[in-house]
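Chemist: Spelled out from the first residue to the last, the chains are:
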Amino acid sequence: MEAILEVEEISQSFGGLRAVDKASFSANDTEITSLIGPNGAGKTTIFNIITGFLPCESGKIVFRGQSVRELEPFEIARRGIARTFQDPRVFPDMTVLENVIVGIRQKGERPLWALLRGGRVNAEWRRARERAEAILSTVGLIDRANDPARDLSFGEQRFLSIARSLVGDPAIIMMDEPTVGLDRGTSAKLLELMTRLVEVEHKALLVIEHNMDVVMSVSAKVVLLVQGAVVASGTPAEIRRNRSMVDAYLGRKHAAASH
Amino acid sequence: MDYTLHLVVLVLIYASLVVSLDLLIGHTGILSFAHAAFYGIGAYATASLTVYGGWDWFSAMIAAVVITAAIAALVGIPTLRLGGDYFILAMFGFQLIVITLILNLEPITNGPFGIRNVPRPSIGSFHVQSGLGMVLFIAAVTGIIFWAHWRFARSPMKAMLHAIRDDETVAMSLGIDVVRTKILVFAIGAGFAALSGALMAFYFRYVTANSFVLSTIILLWAMLFVGGSCSIAGAIVGPAILILFPELFRFVGGEGLDIPNIQEALYGLLLILVMIFRPQGLVGRRAA
Amino acid sequence: MKHTALTAVKRLAISAAVLLAGAGAAGAQEPIRLGLAMPLSGQNGEYIKRYVMAGHELAIKEQNEKGGILGRPIKLFIEDSRNDGASAVSALNKLINVDKVVAVFSIFTPVVLPMLPIAEEKKVIVLAPSVEHPDLTKSRWAVRMTPTATTNGLLIAQQAHKMGLKTAATFAEDNEAIRVSVKAFVAEFEKLGGKMVGDETFKNQDTDMRGQLTKLKAARPDALYFLAPSGRPVALALKQISEVGFKPKQIFTTHLVEDREVMALGASMAEGVIYTAVATTPEFNQKFKAAYGYDSDVNAGKHYDSTMVLLQAIQKVGSEKDMTKVRDAIYNFGEYKGTIGTFRFVGSGESLVSPILKIVKNGKYVRYQP
Amino acid sequence: MLLLQLFINGLASGAIYALTAVGFALIYNGTRIFHIAHGAVFAFGGYALYLFALPLGLPWIVALPAAVIATAAFGALMDTLVYRPLRKRGTGPAGMFIASIGALTFAQAMYSLVFGTDTINLHQGGLPTFDIGEVTLTAVHVVAAMVALVVFPVLQLFLTRTRWGRAIRALADNPRLAVVRGIDAERLYVVIFALGSALAGLGVVIIAFDLGVRPDMGFTVMFVALVAVIVGGVGYLPGAAAGGFLLGITQSLSLWQLSGRWQDVVVFGALLAFLVFRPQGIFGHMLVTRRV
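Residue numbers (our numbering), protein chains in the order written: chain A, 1 to 259; chain B, 1001 to 1288; chain C, 2001 to 2370; chain D, 3001 to 3292.
Just chain A, with the same shape it has in the complex:
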């Protein structure tokens, strides 16, 4: 079980305050790794640093043995690091199918190519379409394929955003609070999908999650962040042993959330 993504001592500060403080952790192939911690612990910031949306002030980010630290976000995505956002952020005007196809890079996107050989007709397009449909059936949206994305329910949009992230055939998918705002039934479905992605599609998942039950049930590894620093990491079991510490932080968060 070798590490596919290694993060070493990355730091990031906005103005004065340190959002990420020498955070180090790694995510293994075909496993679910969870980032947990109170709000403002820098989880999303770390996502943004890894995917290149925020500059990495110091430290290393190694993906499949290569540094991706200096790359542009789109290059990182092409290397095989996919991500979703807290909001589904689907493209409302496009159909569900188009939303997925957008994620497939094609020659037909190049102006000259588009001009000289109308994209839709050529085989490439057909292949892209088939791939997209396959993915939609994996996430169970195939029968909504031709509806405009704006008509989907919030939960369906979340699934669509995940489908969209899959098309590049990434090695790792980073999900930012995938179950937030979903009812029990839907989040159950989502967990099912996540496990399928790992076991059937052999993906690695890096997940930001607040729901402890989810974390403990599906994760192979849990990383606890506090104020941008990693204070504990290990298997759910090991983290449970650190119960006191977890409660110390997450307990406070739960208390805060309950008001």
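Simulated from the structure, these hints should not be mistaken for laboratory data.
Built from N, CA and C at the ideal position, the CB exists for glycine as well.
Hints may contain errors.
Said to hold, decoys possible - A few chain C residues that face chain D, going by a derived Cβ cut-off under 8 Å, partial list only:
1) N2204
2) D2208
3) G2211
4) K2215
5) S2230
6) R2232
7) S2268
8) E2271
9) I2274
Take the given structure of chain A and dock chains B, C and D to it, following the hints.
Modeler: Just chains B, C and D now, with coordinates in the frame of chain A:
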């Protein structure tokens, strides 16, 4: 007759401009306030190369397109990274700079005098004079621009551009090279604008800076959204309405009335009402 | 405002007279159809209606009251060209195709030049008396009747020299006619041994010229020659010259110092300014004032004259069916004693009249005598 | 010496830019509408002042504030008649912009129809001037500077201390958020437009003495304001004011060595360079994280 043909030509030239503006604004979300500038650069390059450089109309036209696209790319590389508001400002500034340069680079532009006697194009032995020939010529070139736009809108390029327009961040996370694509589209749009500029030069045979000022770009925006963005039909309806509407008033009598200002007032009213009752434009589908 | 309202009424009365001419007594005949395409809207609209258009309409009204020409009434068709080539061409095409006019009066370079190719094809005479663009009369269908920008520049330069002014600066709006004047002035002034110490420009619609004026003030020229295309910038410049405390020995400008905008802001500021103008005959001014209730200006005169020249040419030819003949009649008109001096046509549409110098004395515009 | 005078001139015209810019910024930040018609509101103030002062013959002390109030009312009216219906139909910024152009065109044509296109002067001849050393200043500019000195602190107080003020700032930071927080956005918009227009009113009653009143007087001023706002950093009012001054000063100083005909190139060339190398505006704290 000629009057009608002239109006047809005007509508065609503006339609060709609006359709390239639509590629930038409607499809890619590049809010360009510099389209009039590129239109002007194209017109001046054509006029200058034919009149002073002695080039034939075709080479001049192609050169104008290439030059303009290149300038657009150079301007786009630094500015297209800017956030929306700042990009608008940058384009606004570029527009004013171009006008000033046109007025002062006398050797190339003849300054405020403008360039006269731009040759009419000729195909083989056939010389395109005003009247029907000119209309057909302009219709043909405009057709090419529309065809290209239509092709783009039928290729996977469309989805990619819309992704950039709707959410650049997500687009990047899907592996789309947002900045490069925007620069490319910006250059293409400018190139088309230059083509329209060449048409304008061939038709009027006279280019002068005051055809490419701020009010021109405002008119183009109005045409785009009155017709409806992301819509081929809209790119014709918009210019048609906004050009023919004032012309109607040439036939309104009414002595003692200040017709020009009344027309201006109604024109303004028209814009407001269209936006209130047809926010997606008269034939468009996508709300402005 | 009351003023504008009143004069507007008078103007309309005349416009109406001109437009109804077709139906008038002589109206049994098919009228002779003339067109006018000028920017009637926008910043210069008021000025054009008040003087330029008024000049044409006055001429036509008079002629019609004399029974028109060739026993036929004259009808003037008016179109707004706005200030851009595209609408100017629309206006021209409409006048030619729909109203069937045989000649068109116009003004302003960006409006007139795009008209020429069409005029040439359709054999329609374009009379643009006050357009200064050197290329205008390269067209065989254009007519100009004016002191050109060059002659104005020369005259001022010589005057400055006569007054023993050693250094000079120019302050001008960036437009083509004005550049011609400035170039002519500079060349002549330096030829006469003068020294240029400043050259500043302002843009159309600039309202704050204090920066440029401050700079010129620092250059301490004996003479300041400033030129603008309309009354408002002239008024603003004079105002701001006095505000920044810029006191050159002598200020020179153009006839636009007579514009109402300057009056409205206070002629006192223009006191002592010497400017180029043309000698408008008192008779014409009386006629004009009687008709409109305010004094004429050089453009009113020019455009009145251009109308008369055209009509007399048609008279000579005896018909407006073949405009080529009419055009040649104008081109070979020889001398024409106009309201603003004597024009000379020698085989082209170019006819020059020599400018004179006037000065603002005690708020009055009077002929300048050394 | 010349340099100093130019600098002072820049400051003076900058003060007027700043006044109009802040008015525009209030509206733009709060509503994200490219309120081009602000220019028409501006001109309206000029005509209001003219009407109150000359035909109605009110004393200046009454006419001036009355004109400012009238301008504020007109601005609010424009929001109600033009922008509110658009908001109701969920029109986007582009649609708002086009409608705004429409409103500007309409209003300017109306002014021309009612008052004619001639300049209406409120003051005959040159303005009184003050000499400080070798530097000369016109009364209008001194007044503008003083007004700016008074207005901006007051405005800042209003925005930080009062409930409405805070609401406006909340809206500027994040329009959606403010609505969620249960602030009555519609009423807030009216207040914003009134306030922003009042500032335009302040600007115009000063300018009207210098340049007189014309239908198109708002157009150029309006674009200056627009530029100033963006230079200063959208969403940050003091930035807009600073932007106004900066613009005035650059414009004026650009004349130091070069002829006026290069002014735009200098000013906007500097601006472009500035944007490229410092894309977050002068005070721009905002832009950085916008990407995500």
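Chemist: Please go over all the hints and tell whether each is borne out by the structure.
Modeler: Evaluated hints:
1. N2204: Nearest chain D Cβ about 10 Å off; hint violated.
2. D2208: 6 Å, holds
3. G2211: Check passed: Cβ of G2211 of chain C comes within 4 Å of chain D, closer than 8 Å.
4. K2215: Holds. Min distance 6 Å.
5. S2230: 11 Å, violated
6. R2232: Since the shortest Cβ distance to chain D is 6 Å, the answer is holds.
7. S2268: Holds, about 6 Å.
8. E2271: 11 Å, violated
9. I2274: 20 Å, violated
Hint check: violations occur at hints 1, 5, 8, 9; the rest are consistent with the structure.
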